[in-house]
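Participant: In the working numbering, the protein residues as written are 13 to 176.
Hints listed in this document are in silico derivations from the structure and should not be mistaken for laboratory results. Among the hints, erroneous ones may be present.
Straight-line Cα separation of at most 20 Å, DMTMM-like style, residue types lysine to aspartate or glutamate; simulated pairs [stated by the list, open to error]:
{"id": "1", "residue 1": "164", "residue 2": "94"}
{"id": "2", "residue 1": "164", "residue 2": "40"}
{"id": "3", "residue 1": "136", "residue 2": "147"}
Have a look at the derived ranges for each label pair, beta carbon to beta carbon [stated by the list, open to error]:
{"id": "4", "residue 1": "22", "residue 2": "43", "range": "18 to 28 Å"}
{"id": "5", "residue 1": "75", "residue 2": "112", "range": "27 to 37 Å"}
{"id": "6", "residue 1": "139", "residue 2": "66", "range": "33 to 43 Å"}
{"id": "7", "residue 1": "153", "residue 2": "43", "range": "17 to 27 Å"}
{"id": "8", "residue 1": "81", "residue 2": "115", "range": "36 to 46 Å"}
{"id": "9", "residue 1": "112", "residue 2": "161", "range": "17 to 27 Å"}
The structure displayed is predicted, hence computed values, not measured ones. Idealized CB from N, CA, C, for every residue including glycine.
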Amino acid sequence: MTQTEIRHHQESVTIQASAETVYDLVSDITRTGEWSPVCTRCWWDDDAAAGQVGAWFTGRNELPNRTWETRSQVVAAERGREFAWVVGGDRVRWGYTLTPAGTGTTLSESWDFLPGGIAMFEEKFGDDAPAQIIDRTRQALDGIPQTLAAIKRIAESSREDDRP
Numbered sequence: 013m014t015q016t017e018i019r020h021h022q023e024s025v026t027i028q029a030s031a032e033t034v035y036d037l038v039s040d041i042t043r044t045g046e047w048s049p050v051c052t053r054c055w056w057d058d059d060a061a062a063g064q065v066g067a068w069f070t071g072r073n074e075l076p077n078r079t080w081e082t083r084s085q086v087v088a089a090e091r092g093r094e095f096a097w098v099v100g101g102d103r104v105r106w107g108y109t110l111t112p113a114g115t116g117t118t119l120s121e122s123w124d125f126l127p128g129g130i131a132m133f134e135e136k137f138g139d140d141a142p143a144q145i146i147d148r149t150r151q152a153l154d155g156i157p158q159t160l161a162a163i164k165r166i167a168e169s170s171r172e173d174d175r176p
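Could you put the whole structure together from the sequences, leaning on the hints where they help?
Facilitator: This is the structure:
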């Protein structure tokens, strides 16, 4: 594996809610623990910048064998279209894109293991880096469909609660 290799994965789900409603949900990082199988809690580092490009937030992640925190920076924030962030400034890019689909919205979640992340794993784990990278890749591939299903359930149940 080389430092320039990028690992990418993306999946989508159609949600019966407007793109703005779905965006408002996924861009509220304080709710991430409601749908993520790994990230149990997030908070804005500066509430005044919350949700804007350039804003930083901290996330707490938990697995059975370890707990850790990461800092991430918002790199895209266009209501109804895209919300994305990069972990550690250059390691992993996570993002949501939203596309109108009939009476609903297609929500796509993407994950990119960036060259900075690959380099950090190679430095931190040495000969074990490939196995660690495979493990993190598997977590992303397993977690994305779980996350999308939970977001769909939350968004559609909220929509039903708002009906007269």
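Participant: Run every hint past the structure and note whether it holds.
Facilitator: Tested hints:
1. Proposed proximity of residue 164 and residue 94 is supported: the alpha carbons are some 16 Å apart, at most 20 Å.
2. In summary, the hint linking residue 164 to residue 40 is supported, as the alpha carbons are separated by about 15 Å, within the 20 Å threshold.
3. Taken as a hint, the residue 136 and residue 147 pair is honoured in the structure, with Cα atoms around 15 Å apart against an allowance of 20 Å.
4. Distance hint check for residue 22 and residue 43: the Cβ-Cβ separation is about 21 Å, which falls inside the suggested range of 18 to 28 Å.
5. For residue 75 and residue 112, the Cβ-Cβ distance of about 36 Å falls inside the hinted range of 27 to 37 Å, so the restraint holds.
6. For the pair residue 139 and residue 66, the beta carbons lie near 37 Å from each other, so the given range of 33 to 43 Å is met.
7. Checked against the given bound of 17 to 27 Å, the beta carbons of residue 153 and residue 43, roughly 23 Å apart, stay inside it.
8. Checked against the given bound of 36 to 46 Å, the beta carbons of residue 81 and residue 115, roughly 39 Å apart, stay inside it.
9. For residue 112 paired with residue 161, a C-beta distance near 21 Å keeps the hint of 17 to 27 Å intact.
Violated hints: none; the structure is consistent with every hint.
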